[in-house]
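Using the hints, position chain B against chain A.
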Amino acid sequence: MSSEQLKRIIATDCGSTTTKAILIEYIEGEGYRQTIRGEAPTTVEEPLNDVTRGVVNAVQELQELARLKYKNNDITFLHDGPNGEKEIKIPRDGDFGVDAYVSTSSAGGGLQMMVTGVVANMTGESAERAALGAGAIVMDVVASNDKRMNHEKIERIRELRPDMILMAGGVDGGTIKHVVEMAELVSAADPRPRLGAAYKLPIIFAGNQSAKEAIQETLAEKVELIITENIRPTLENENLGPARDKIHDLFMEHVMQQAPGYHKLMEWTRGPINGKMTNIPIMPTPAAVGNIMKTIAKEENIEVLGVDIGGATTDVFSVFTDEYIFNRTVSANLGMSYSISNVLASATLPNIIRWVPFDINESDLRNMIKNKMIRPTTIPALLEELILEQAIAKEALRLAFIQHKEFAVSLKGMQQTRDISQAFDQSTSGATIVNMMTLDLLVGSGGVLSHAPRRNQTAMMLIDAFLPEGVTRLAVDSIFMMPHLGVLAEINTTAATEVFNKDCMVMLGTCVAPVGKCKKDTIALTAEINLPDGTVFNEAIPFGEVRLIPCELGKTAKAKLTPGKGLDIGAGKNEAREMELVGGIVGIILDTRGRNPFVLPSDSSRIPLLKKWMKEFKVYPEHILN
Amino acid sequence: MAQAYSPGLSVTDNIVLRKPRILPLKGTVLVKKGDKVKAEDLVAETFLPGNVLPINLANKLGVTANLVIEYLKVKPGQQIKKGDILAESKGLFGLGLFKSKVVSPIDGEIESISQHTGQALLREPKIPVQIKAFLDGIVEEVIPDEGVIIENKSAYIQGIFGISGEVTGELKVLIKDPNDVLTDDLIDESCKDKCIVGGSMVTLKAIKKAIELGVKGIICGGIDDQDIKALLGYDIGVAITGHEKLGVSILITEGFGKIKMADKTFELLKRFEGKKTSMHGKTQIRAGVIRPEVIIPLEFQDSELIAHETSMPLLEKGTMVRVIRQPNFGIIGTVTDLPEELHTVESETRVRVLEAELENGKKTTIPRANVEVIET
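Line by line, the protein sequences give chains A and B.
With the first letter of the first sequence counted as 1, position 515 gets the number 515 in the working numbering; the numbers rise by one all the way through.
With the first letter of the second sequence counted as 1, position 253 gets the number 253 in the working numbering; the numbers rise by one all the way through.
Keep in mind that the hints are not guaranteed to be accurate.
Derived contacts from chain B toward chain A, CB cut-off under 7 angstroms, selection only [as the list claims (entries may be wrong)]:
id, residue
1, A239
2, F256
3, E348
4, N370
Chain A regions said to be covered by chain B (calculated; three or more residues, Cβ under 8 angstroms) [unchecked claim]:
id, stretch
5, 180-186
6, 344-352
Hint data in this document are derived by calculation from the structure and do not stem from the laboratory.
Positions of the beta carbon are idealized from the N, C-alpha and C atoms, including for glycine.
Chain A extracted, bound-state conformation:
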């Protein structure tokens, strides 16, 4: 497809709170750029109950802002459709309409699934990984050995109303009995789909292929049964691709069809593929973000950790090890609006307050959090409220990351052959593969990170929540457009890549953090940094400090970093590193506050210390930190 054909593209992400629209344009001499952004409340609820109304409102804003920007009142993206309602005009005719429209969606609670397996931490976990990788929220994992009685399992399956179920269990040629028993429980529970009673619940069977016939016998009459390849054909191998593809197909065919207004939206999303106008499937938002993360890791040959913090859920993505093992977790009840109250319940008030550099009345904070929960679209207008929201965000991110580390593990149940060199290696099957020391890039996305008034705030939230170790680059999705680009990549990789590099990924800078125990007032890091402007930063930094050194976006600085006694910055204990540090909008951050452990004081020294760090980090206006 030539660039001439696709000059204007609209992409939307229908989130649970807001529908975010972006305009991508092909600009002579610059290539593809994201030029305008608009948003409107998502409308999947009464009284409108039609997702396309929110899309039209967001696109209407795009249109008005485009007219203002180009001082051209002819620019029009919407027109009256056949039934008199406004819709996006495709194909484009001059300034009238756009060439393509794509969308992702997590509205209406996203894709909600239940998975089953025989052994919870083997096939159960593989099934969970497949569902999460496809962008679903996993409501429960039911396994033969999950310690619940069979009647409890049946009750649980009955009360959940998932959009679909993924059934795994048994390696090929392995147990049939347990796999069929699980199918019998599902059949007895006779589960109903979440949206509408008008269709049969889709169930994907991706377990022991020898059990196919028995499964068919047990389930085919009651549910829409789809059989695909085993996701765990042997203990040593996972084969998640076919099950994930089936989940996506069913998401479009069944779930999206039931959600309010989606049948219309599915007709709208289209663009030219090989010169022919083609419908482009709506993708679950997390699947689109996952696509982007995987692409970054592969193209740059690095380890990546990404987070997308939304109103209802927080997704963590990671690509670790030489084999680019991708993991995604979704913390379904950690978010900054609908789920904000649950962050308070899970993290507890003292953990939130520990990040706040002033005294606050606990009751006021609790009521503020509850009011945000019931009015999720409001934004903090007061500086104090912004600081409180960012403190809550740090805890939401921290908790979501803990869940991710526990889930992103090597395959359990593998037979491991060990040679003598591995005899003293403590790692076993099932250990986490998340290694903060080898991590190259930490990427943040989602409202509270992408829309923080100062990028320094974004960097601080990422560092405080994830505690990167050694040397780690930090980046943020500029205005939250990773989902849009993830789905755009499906039809035009050039446009998606160009916009990603120029407008989406904003490099914040690099964080250097020595790891290990250190006494107060001893030197934790000696840094000699030759900055691109010719100046040299040279300091022996004591434990418990933060330094922010400006280093322009797109530039690098040559650095010699020597850790304090007994500390490690990635080359081993006490070993110095000479390397290039990447600059960014925030700069180079030298963080000697401690890792493994990182401890905040709980006495009266906490607030002055926070203020000192925040001042150095330039995160908030000085007046609130004095």
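Structure of chain B alone, referenced to chain A:
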């Protein structure tokens, strides 16, 4: 842009309501189109399949799954009583020595018996589910086997948050000013079976006394987060409520903390004091928003039941709004301008704003996201 869409809550003295009353699964509709119904009337009923009890016959008999069929005394679909023999082995050498048998622990029905696993699934008797009309009105539509749509003309208030399910009672206003706090000393025997109205807040003591005296519902401006935790025994993490068995339904019109009930809401409730009221605290903020409601049915002629087309509340010059976040949280104002360009607020956030004149005469700039349109 001179106008924008913004969410809002309905507070109106006259609305045509259409309330679907639908069974959780298919069943029998008990009324017909055009029937006049009272809130307490049953409109549909069904039976939920009973709970399932799995018993592994193969394990109990000590035989392999494929042999279970030879020992069965019952077949799928058969009704059973507690103590009935489900399967019995032939005993040693087929002579009946040391026979083992499996008896049913429940009354019910044999759902299935698997030859793959040797498992029998026993289903308990069906559980009845009944749906009431919930509001006085007319059956406007019957959805065969599923339920009905009840239509009426009502005074109607959408709350922002609530707890506990559907109740019906007479409306009784206990305070003089919407700033007043609803305290326990205002509640007495005369409040039994009533839906009582408070002002800016209801105290924990007042709620406890209301439960004790058999009050049906409490309508109030605000509530303290810690009081809800004390009542329920847990913190509400995600706003999905309505299932609580509290003994009283609570509906909050403004939010958490002490917040004056909007004058319009208070005046409306005062006007309809003594009227029969249907209300519920069911709230779901995420995915398919459900807000708690107060419905006060009015007298109506059939010809009046013409519902207006639903539209999203519009924000434009002259629109009445309620500020829903600090500063000025809870204060009502009128939009005076909707500037197009982004504006930097105190938190340094760049947002779209509106200018408004507040009810206290103050002129201010507010992020558009921080107001709620008051529908008139």
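### Task
Count the residues of the stretch 344-352 of chain A whose CB lies closer than 8 angstroms to any CB of chain B, then report whether that count reaches three.
holds (count 3)
### Task
Tell me if B:N370 is really an interface residue toward chain A, meaning its C-beta lies closer than 7 angstroms to one of theirs.
holds (5 angstroms)
### Message
Hint validation: B:F256 versus chain A, beta carbon distance must be below 7 angstroms. Holds or violated?
### Response
holds (4 angstroms)
### Task
Would you check whether B:A239 satisfies its interface hint, that is, whether its CB is within less than 7 angstroms of any CB in chain A?
holds (5 angstroms)
### Task
Go check the stretch 180-186 of chain A versus chain B for me, would you? Three or more residues, Cβ under 8 angstroms, otherwise it fails.
Three-residue rule met by the stretch 180-186 of chain A, so holds; n is 4.
#### Entry: Hint validity - B:E348 Cβ closer than 7 angstroms to any chain A Cβ
Since the shortest Cβ distance to chain A is 4 angstroms, the answer is holds.
Violated hints: none; the structure is consistent with every hint.
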